[in-house]
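A.B. asks: Here's the letter readout for the chains.
Number of protein chains: 2
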Amino acid sequence: MYKYAIGVDYGTSSVRAIVVDVANGEEIGSSVFAYPTGIDGVIVSNSDTHLARQNPSDYTMGFIASISGALAQAKKHSGFQVEDIVGIGIDTTGSTPIPVDKDGTPLALSPAFANNPNAQAWLWKDHTAWEEASSITEMAKAKGVPYLEKCGGTYSSEWFWSKVWHCLKVDPKVFHEAYSWTELCDYVPAWACGDTNPHTLKRSICAAGHKAMYHESWGGLPSKKFLSALNPELAALRDRLYAKAFASDVCAGRLCTKVAKEVGLPAGIPIAVGAFDCHHGAVAAGAKEGILVKVIGTSTCDIVVSPKETCAETIPGVCGLVPGSVVPGLIGIEAGQSAVGDIFNWFAQWFVSRQNCCLESGLSATATAGKVHEQLQEEAARLKAGQSGLLALDWNNGNRTILVDPRLTGLLLGQTLSTTPAEVYRALIEATAFGARAIKERIEEYGTPVKEVIACGGIAEKSPLLMQIYADVLGCPMGVSRSKETCALGAAIFGTVASGFYKSTEEAQQHMTGRPKVTYYPQKESSAVYNELYTLYKKIHDAFGGVVLQADLSMVMKELLTIAARER
Amino acid sequence: MYKYAIGVDYGTSSVRAIVVDVANGEEIGSSVFAYPTGIDGVIVSNSDTHLARQNPSDYTMGFIASISGALAQAKKHSGFQVEDIVGIGIDTTGSTPIPVDKDGTPLALSPAFANNPNAQAWLWKDHTAWEEASSITEMAKAKGVPYLEKCGGTYSSEWFWSKVWHCLKVDPKVFHEAYSWTELCDYVPAWACGDTNPHTLKRSICAAGHKAMYHESWGGLPSKKFLSALNPELAALRDRLYAKAFASDVCAGRLCTKVAKEVGLPAGIPIAVGAFDCHHGAVAAGAKEGILVKVIGTSTCDIVVSPKETCAETIPGVCGLVPGSVVPGLIGIEAGQSAVGDIFNWFAQWFVSRQNCCLESGLSATATAGKVHEQLQEEAARLKAGQSGLLALDWNNGNRTILVDPRLTGLLLGQTLSTTPAEVYRALIEATAFGARAIKERIEEYGTPVKEVIACGGIAEKSPLLMQIYADVLGCPMGVSRSKETCALGAAIFGTVASGFYKSTEEAQQHMTGRPKVTYYPQKESSAVYNELYTLYKKIHDAFGGVVLQADLSMVMKELLTIAARER
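For the record, the sequence lines run as chains A and B. Following my numbering, the numbering of the first sequence begins with 1 at its first residue and continues without gaps. Following my numbering, the numbering of the second sequence begins with 569 at its first residue and continues without gaps.
Errors might be hidden in some of the hints.
[Said to hold, decoys possible] Computed list of lysine-lysine pairs in DSS-like fashion (alpha-carbon distance at most 25 Å, straight line):
{"no.": "1", "chain 1": "B", "residue 1": "K1106", "chain 2": "A", "residue 2": "K539"}
{"no.": "2", "chain 1": "B", "residue 1": "K741", "chain 2": "B", "residue 2": "K693"}
{"no.": "3", "chain 1": "B", "residue 1": "K1126", "chain 2": "A", "residue 2": "K538"}
{"no.": "4", "chain 1": "A", "residue 1": "K558", "chain 2": "B", "residue 2": "K1107"}
{"no.": "5", "chain 1": "A", "residue 1": "K503", "chain 2": "A", "residue 2": "K288"}
{"no.": "6", "chain 1": "A", "residue 1": "K371", "chain 2": "B", "residue 2": "K571"}
{"no.": "7", "chain 1": "A", "residue 1": "K538", "chain 2": "B", "residue 2": "K1107"}
{"no.": "8", "chain 1": "A", "residue 1": "K517", "chain 2": "A", "residue 2": "K462"}
{"no.": "9", "chain 1": "A", "residue 1": "K539", "chain 2": "B", "residue 2": "K1107"}
{"no.": "10", "chain 1": "A", "residue 1": "K169", "chain 2": "A", "residue 2": "K225"}
{"no.": "11", "chain 1": "A", "residue 1": "K558", "chain 2": "B", "residue 2": "K737"}
{"no.": "12", "chain 1": "A", "residue 1": "K225", "chain 2": "A", "residue 2": "K143"}
{"no.": "13", "chain 1": "B", "residue 1": "K1106", "chain 2": "A", "residue 2": "K558"}
{"no.": "14", "chain 1": "A", "residue 1": "K539", "chain 2": "B", "residue 2": "K1126"}
{"no.": "15", "chain 1": "B", "residue 1": "K670", "chain 2": "B", "residue 2": "K826"}
{"no.": "16", "chain 1": "A", "residue 1": "K288", "chain 2": "A", "residue 2": "K517"}
{"no.": "17", "chain 1": "A", "residue 1": "K224", "chain 2": "A", "residue 2": "K169"}
{"no.": "18", "chain 1": "A", "residue 1": "K517", "chain 2": "A", "residue 2": "K451"}
{"no.": "19", "chain 1": "A", "residue 1": "K169", "chain 2": "A", "residue 2": "K143"}
{"no.": "20", "chain 1": "A", "residue 1": "K558", "chain 2": "B", "residue 2": "K693"}
{"no.": "21", "chain 1": "A", "residue 1": "K558", "chain 2": "B", "residue 2": "K1030"}
{"no.": "22", "chain 1": "B", "residue 1": "K1106", "chain 2": "A", "residue 2": "K538"}
{"no.": "23", "chain 1": "A", "residue 1": "K125", "chain 2": "B", "residue 2": "K1126"}
{"no.": "24", "chain 1": "B", "residue 1": "K1030", "chain 2": "B", "residue 2": "K1019"}
{"no.": "25", "chain 1": "A", "residue 1": "K141", "chain 2": "B", "residue 2": "K1126"}
[Said to hold, decoys possible] Now the stretches of chain B that chain A is said to cover, found in silico as 3 or more residues with beta-carbon under 8 Å:
{"no.": "26", "segment": "905 to 917"}
{"no.": "27", "segment": "976 to 983"}
{"no.": "28", "segment": "1099 to 1113"}
{"no.": "29", "segment": "1118 to 1130"}
These aren't lab readings, by the way, just hints derived from the structure by calculation. Small disclaimer: the values here were computed from a predicted structure and weren't measured. Glycine included, each C-beta is placed from N, C-alpha and C at the ideal position.
Pulled out of the complex, with its shape left as it was, chain A reads as follows (with noise of 0.2 Å):
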């Protein structure tokens, strides 16, 4: 009597569809489809660098083939059939929203905007919206509403709001043209149930909470007036936008046979309401509470849940604190950093560009960052904490949490003569496990322990030097996620409780997650030696940052030297 699930997982260049037996959570099918639309999936433009869209057909087309082809793997597993999947999970990249019509489809399947961009899905990357994130901040502290309570006090060029009112902006007539605005997460679930009408497909709390200053405390979605304030277009989208939103162990509807047919399924198959990519795959992972899931990739994602009684009310400097956006029942916080595995690519990449000899040589540009990758780590491994004399702030994209500015660069300070790339290499990891401490003792600071961190994503498994320097900045375990498509097994196991197959998402968790598959703690002398490093960089961290406008720095570079001696 074997079951499984389906959990589907859109990301930023591509969309993987995996099949998992919903006794242990192993998975039996997988199947990548990458976007075929711009440039690795995304529209780019040539003028505006901050532009990034994605073509909503290659949502739908993806779907498709990549359950179609999870399932063909899936077939060869003995044992499994289609009639065994008890439901289906959807998690996708966002706040991606798309311009609808009033049946829900998108702008851009019909001839007359095919090819304007503006009228595609506004990816979660795009920052063309900066000035409206600022000025929807600015409104919120003006009015005096509380908004941005949950949301750390500042709106983002990435969310909702901002784009939806840049678009108004700057093609008025594809603002007009568009009935309601849904997010990617709510679009694929209502469009595989077969009816994607704005005013009743489900919509995703996470979606919601997260980007669109959704709280039932203040009526869901903000004010007519307020948006008013902003602008009357706005205000009065409101009333084609949505009420309520759900968590993903709500059911948004069943497979539609035309769907079905199309990846071989049978129709009626429960699908979960959908999320972002990271809260689901923080439950993967192992979200309860007392865990800090890092999604540690270009940048971070960090989720913590929280029980209603003993959670701030607001926590200053982080992205968003949800009911259910993680976790039915429990409140999800996010947080993230905006540069980790990005900022060891950009130093790499210096690496690169001169090994012209290299690349010459037949070895491909990829092949050649892989290299140097991996020779700087190894070199870096032999490094003590503390030895280098070095110290760095993890700027290079600007600090999403705990500072919310991207007017922020990089610093790297405590260079010699001997300096080497190995050393830099190894002081931008600690640069991050640093931020990454910031934000741990932030959250914690206000009232939400955090006692183990479980990673996931691809340098977690790839680099046990990361993993090792985070467990002795953090001081405290650092696990390893046990599956490696932790988003789209997150998916998966919602589909399990919104179809009712398991009562709850904990229970799903006992069964389908696993603990960490590898847990790397930290170690007694440099944790001693970070804890000293970390007090020097939260100095430079408030001078830079601004959190202190009477800054002494007249002993850090003496103290790094004196640490530096005593180590080597």
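Fit chain B to the known structure of chain A by using the hints.
C.D. replies: Chain B alone, transformed into the frame defined by chain A:
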């Protein structure tokens, strides 16, 4: 009736001798001898990166080899004969004190001490004595004595008394075996004259005044009372040092028969009192009122001369104010940057060490380094001032002037995910230019105006990019000294003065130096941007250098981003 002079210039890794025509300073023979001992001529230690020593026998071997070589070349010149040599001048690195016996022979030459690093010459860049240096500074302050007034208020680990005292602490056997200590610039002329007796050999005012706290106004070297307070054995040593020091227009003695035979010259040629390389170099570059001579190499030496009447009694943070140390009759002001070319080499080396394939393909490390510099310069030259958003401190080897603090380190800020190595390379050049500006401004604040800078050294010749940036940052013309071997030419100039061939240093300068061969003028637009960047540089400089203890750095990154956006 051609006449010639010989200049001998002892650098960190080699010694160069040149033969020049006294009528026009034209070089007709030149030869370099690389010191055979240690790594690039320097004895180093695996356990202490501060240690830098040299084998004294390398100096005498080098004297013979380099002069012989230069003469061999000169002899190909029609009309040259060794009898036409009117004088010899010698300059060296310093402070490079050598422990010597009662006859003035280096201890290192006796078998018992041949392998003891503490019995060798203590090279200028040896920093083992940093604790002694701060003790001397503290003691001078505590006792209210004026000994540091002429050297910027802070004694350095690179200087005579720190090194001698450190030897007493770490190797009392060497200290007690040494009857006296002789500076390299005093040892070589004395040895060439055949009499190294510590009591009678003519000591250089340049070494004494700039490095050993010697000044006529307080009776020569520091009092025995003061030295006693440091350590009674230092007070006892004072009697075995010297009571008077001389400028390089004074004759130290005449070439002795033994050495004359070995180098192939007639005995009896007058030899000038020695001095430090940059001081002689400054004279050859055209040092006179209103001109700042910058010898730009791995580090810089900055030299200005000032009339006694208008020169300040003391200039905080400036290495030294010594009457006659450059041009006899004027006060020589010396300042310096601890690392300039060394910083660029350090950064370029990162890319050399990664270009294994280049090395494998037959290119030497030096050739690869040259190629890397060339590429980085080329790319950096295409950038505009301010457009990278980067700002750096030039402290990879500490700060000599104006902070006199070796316990400072490098800093780079403003990095984004698209910062390139060429941008960093340019920022490092700019950092050294800002460091140069801080020195120029400090000297001007204390009453010695600078209207023009004349640069000498390899970088001045090879990097139009650096010269233009310096002109823009300093806001005054930057000339490139006519002679390539400025220091050696300066030594030759003093050979003509000490021998009485020319009546004064000024007269010799008139004949033997010339106008700069190229001059770079400030460009208005870049200068304006650099004025903005310099304000930010000073903020960081003062904060990390301990000039201010309450620094507001909250807007530094944002202002850099604004400048970068504007200039891009």
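A.B. asks: Against the earlier hints, flag every one the structure doesn't satisfy and list their numbers going up.
C.D. replies: 6, 21
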